[in-house]
Amino acid sequence: MKLLSPIKDHHSERRLFITRVVLASVVSTILLGLVIARLVQLQVFDHELFAEKSQGNRVRIEAVPPIRGLIFDRKGRVLAENLPAYQLELIPEQVDDIDGTLQRLAAINLIEADDIPRIIELSRSGQQFKPVTLKFRMTDEEIANFAIQRPRFPGVDFRPRLVRHYPHGKLFAHAVGYVGALNTNDMQRLESARYAGTSHTGKTGVESSFENDLHGYAGYRHLITNARGRQVPADSSELLDSLPIDATPGPGNNIYLSLDLDLQRVAYEAMAGRRGAVVAIDPTNGEVLALVSTPAFDPNLFAVGMSTAQFSELQNNLDRPLFNRAVRGSYPPGSTIKPMLALAALETGATNLTRKSVCIGYFQLEGDDHRYRDWKPRGHGPVDLHDAIAQSCDVYFYQLSGDLGIDNMHEYLTRFGLGSATGIDLLNERPGLVPSREWKRNNFRDRDNQRWYHGETVIASIGQGFMLATPLQLSSIVGTLATRGTRMRPHLVAATEDPITGDRRLIAPQSLGNVGISNTFYWDEVLEAMHDVMQGPRGTARAVGTGAPYQMAGKSGTAQVVSIAQDEEYDEEELEERQRDHALFIAFAPFDEPRIAVAVIVENGSSGSGVAAPIAKAVMDQYLGYGDDTAE
Amino acid sequence: MIRLSETNRILSPRSAPASSFAELVRRMNIDGPLLGGILLICVFGLFVLYSASGEDSQVLINQSIRLGVALVAMLIVAQLPPDFLRRWTPWAYLLGLILLTLVLTKGAVGQGARRWLDLGIRFQPSEAMKLAVPMMTAWFLHDRQIPPRLGHLAIIALMIGIPTFLIATQPDLGTSLLIAASGVIVIILAGMSFRLMLGLGLLAVPGAYGLWHFMQDYQRQRVLTLLDPDSDPLGAGYNIIQSKIAIGSGGLFGKGWTNGSQAHLEFLPERHTDFIFAVLGEEFGLLGVLGLLVLYMFVIGRGLYIAVNAHDTYSRLLAGSISLTFLVYVFVNTAMVTGLVPVVGVPLPLVSFGGTSMVTLMAGFGILMSIHSHRKLLPH
Chain A
0 MKLLSPIKDH
10 HSERRLFITR
20 VVLASVVSTI
30 LLGLVIARLV
40 QLQVFDHELF
50 AEKSQGNRVR
60 IEAVPPIRGL
70 IFDRKGRVLA
80 ENLPAYQLEL
90 IPEQVDDIDG
100 TLQRLAAINL
110 IEADDIPRII
120 ELSRSGQQFK
130 PVTLKFRMTD
140 EEIANFAIQR
150 PRFPGVDFRP
160 RLVRHYPHGK
170 LFAHAVGYVG
180 ALNTNDMQRL
190 ESARYAGTSH
200 TGKTGVESSF
210 ENDLHGYAGY
220 RHLITNARGR
230 QVPADSSELL
240 DSLPIDATPG
250 PGNNIYLSLD
260 LDLQRVAYEA
270 MAGRRGAVVA
280 IDPTNGEVLA
290 LVSTPAFDPN
300 LFAVGMSTAQ
310 FSELQNNLDR
320 PLFNRAVRGS
330 YPPGSTIKPM
340 LALAALETGA
350 TNLTRKSVCI
360 GYFQLEGDDH
370 RYRDWKPRGH
380 GPVDLHDAIA
390 QSCDVYFYQL
400 SGDLGIDNMH
410 EYLTRFGLGS
420 ATGIDLLNER
430 PGLVPSREWK
440 RNNFRDRDNQ
450 RWYHGETVIA
460 SIGQGFMLAT
470 PLQLSSIVGT
480 LATRGTRMRP
490 HLVAATEDPI
500 TGDRRLIAPQ
510 SLGNVGISNT
520 FYWDEVLEAM
530 HDVMQGPRGT
540 ARAVGTGAPY
550 QMAGKSGTAQ
560 VVSIAQDEEY
570 DEEELEERQR
580 DHALFIAFAP
590 FDEPRIAVAV
600 IVENGSSGSG
610 VAAPIAKAVM
620 DQYLGYGDDT
630 AE
Chain B
0 MIRLSETNRI
10 LSPRSAPASS
20 FAELVRRMNI
30 DGPLLGGILL
40 ICVFGLFVLY
50 SASGEDSQVL
60 INQSIRLGVA
70 LVAMLIVAQL
80 PPDFLRRWTP
90 WAYLLGLILL
100 TLVLTKGAVG
110 QGARRWLDLG
120 IRFQPSEAMK
130 LAVPMMTAWF
140 LHDRQIPPRL
150 GHLAIIALMI
160 GIPTFLIATQ
170 PDLGTSLLIA
180 ASGVIVIILA
190 GMSFRLMLGL
200 GLLAVPGAYG
210 LWHFMQDYQR
220 QRVLTLLDPD
230 SDPLGAGYNI
240 IQSKIAIGSG
250 GLFGKGWTNG
260 SQAHLEFLPE
270 RHTDFIFAVL
280 GEEFGLLGVL
290 GLLVLYMFVI
300 GRGLYIAVNA
310 HDTYSRLLAG
320 SISLTFLVYV
330 FVNTAMVTGL
340 VPVVGVPLPL
350 VSFGGTSMVT
360 LMAGFGILMS
370 IHSHRKLLPH
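Residue numbers (numbering that gives the first Met the number 0), protein chains in the order written: chain A, 0 to 631; chain B, 0 to 379.
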């Protein structure tokens, strides 16, 4: 074996090699020195910065939503509560075949097949460990059914959560309103920190207008999470010790309404499914005792979540169950304004207590052929102001309108609160409308229409034409009549209560001033006439009021349906039904010391005294202790 | 041919029973200090790996088995005399080249690259090249003039360049650069003139420009990310940011074994493979990291000691190259994890979880041991 290459000089070669190894060692040391210097920089000089970063890395703040305040009626009975419900959830990362799983869930009727694309979309868009809700509330039967089949559905499970529940369903659908899932609009409107972790918010009714009280304040807690944001079980780590202190959520305030459950039920049932509204208030303080709009809907559908089909059925229903007629329905007030006009005419001297008109069934303006008809074709004969109210003679008021004039009419009706929102503690109240010369000038383009015509004054005198009022406004007006001119702001919420301390904050009645008619004789006369409407020998609603154990006053009204959408889907019978006059009635009782004022509207009910008055009577009976179920 | 071990046996025929273990070690051609250093690193590594894997004992068992296999490979290689290795070097190199060509034509694809060859067992020919390239370079220089002449350097450039190119096209830029480095180290140790090195270094500037064009997008991204990791904190920069947080938050003494939040809460990617050094830094702090580096330096130092005391050119160059390449591995990995150089897929030797590279490393140490224990009893 060749040990040495002849041309090689072993000694010099080894010396050269050693030199190179030494050099390499120096270079190596420098390289490792660089790494060590870097480590010192990271671990000694920048240690605090990185320690902070690593802390921030692993700690995530999770919002804890507050518990929503409860809503009670005036006697402390629950109208809105939070009930634990089981919801069906799917955790995307734990399901291999989401589509197949959903198909099989639909096959056993746990979800609807129509919902599958939406759920797939949801499960793809969010974080994969965050559960997607398949069904907000499972019935006991569904829970039992699913429990048996659970092994077939890995990654699907049910979990309890608090769901808003309205034990009286349709009864308070419009007054209390409902909560619904937060949407993008809500997110922009609401303070995000307060709503962190919250899924629902008040959408209508008191739930919406008192959202600020009901919601409370979100708390938060610190979680130790891994890089994918998933919570790490607390016991797995000692890291928990160093966490900042959590903030407990502040629960929402409870709310006590002035509404009375029994009265509300009586009003709702008296409507018997007809379209319309009933509003009852306490005239002395403005407390709303009943507020019903029919047909109604089950607010629990919104709290729990409903299918698209269910929602479009509600929304497309011709009877518009979602529409709150009580505060948003604008109707011609008809003859219900006659007591106010009578007061205005007395106050301005346009008429007096003894002046009589002869009613021949119609009225004509000078130089005009047009006949303004009375509701009674044969006429009422000679009538004074008292008779004109009690019998609701239109011709008397047609004649009176010329002397009173639209300007005075507008002035006094406005003083009673017509034409502007009452300021009730509900959102989106409509103001109604009292027409005036100025209003016409501002709201019509065409010069001819900008003028105020005498004929318009004539029909305004019986609450027709442009004039509009909401049932709430009518109840407020009748309350003002009952108090002889003192206007109170109607309100639904009587008190709020801190659920922790139990402190209650009462909401004081708020006066809206006085209509400024001081002559008590005028009031006596007009109110007496209203009393005779119900309990006089010739009153329009004597059939309702006669024989009652207490004294009451009222005024009927009938409003022509101005126009109707000529939809071809109406069949003849229905078309005819929907073109009938609206029936209105306002009333208060007891006559001498009024405690309740009621306004009732029955759409297409034809007759104020025949259809609407019995409903008002039923409500007053109940409130004054003469109802069917208040005997005990 | 007389070996040192045999001489010892001749000189002390009645070896004391007390030293029978030392005797056994010597007869098995094992270098005690080197083995000790390696084992210390491995044990330390197993502790870190256990924590980095989320306290998964299965990972620990797997790694221990691989370590065992690699140690056996080391022992086997240690029995092969350097002369034997040298004679077979060209054939081994040729076989390596053929396998690399095969990989490119019919290799298994994994993670966007074609690196594996399935011959009953899956293996990476590029791993074998890590040893074959420095062996071939040392073989070529063994009976040629030292320092090498320019013509010889050109041939050596081809010997290094062909496998480097083949591996780079897999593509596996990290490994190809390491293999090129192992060959270049041989010629530097062989005494290539510094003037020439400087000239080549200047040539490297346009070379780097060419390399930039040769790089895959993800590789360019890694270079760009190194320059500014915060530019893409959830993408390419994520690894570096998280590993710097892990190391930095470890401080001087660390958060304690298995208490690293970065690693245990899964913020740190590839924590039991390429980025295991960050776990070490987080849990054992600067002191733990320095401890490991000291162990590495000891092993490298012992390797260089063996190289200096080797008795022929081939052994000397090969031992020097193996030792210094080991240092390059350590440097590239730690510099990458601490954000000093771009992220190239280089594991932390003897500590990162993984099989093939462990066997290659241990075989390299086997060569070192063989060189040391098969020294010829000749005066300098």
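Wrong hints could be hidden among the right ones.
Claimed, not checked - Covered by chain A, according to a simulated footprint, are these stretches of chain B (three or more residues, beta-carbon under 8 Å):
#, segment
1, 32-40
2, 85-97
3, 178-191
4, 284-294
5, 321-333
Because the hints were derived from the structure by calculation, they are not lab data. Idealized CB from N, CA, C, for every residue including glycine.
How the hints compare with the structure:
no.	hint	verdict
1	32-40	violated (count 0)
2	85-97	violated (count 0)
3	178-191	holds (count 5)
4	284-294	holds (count 5)
5	321-333	holds (count 5)
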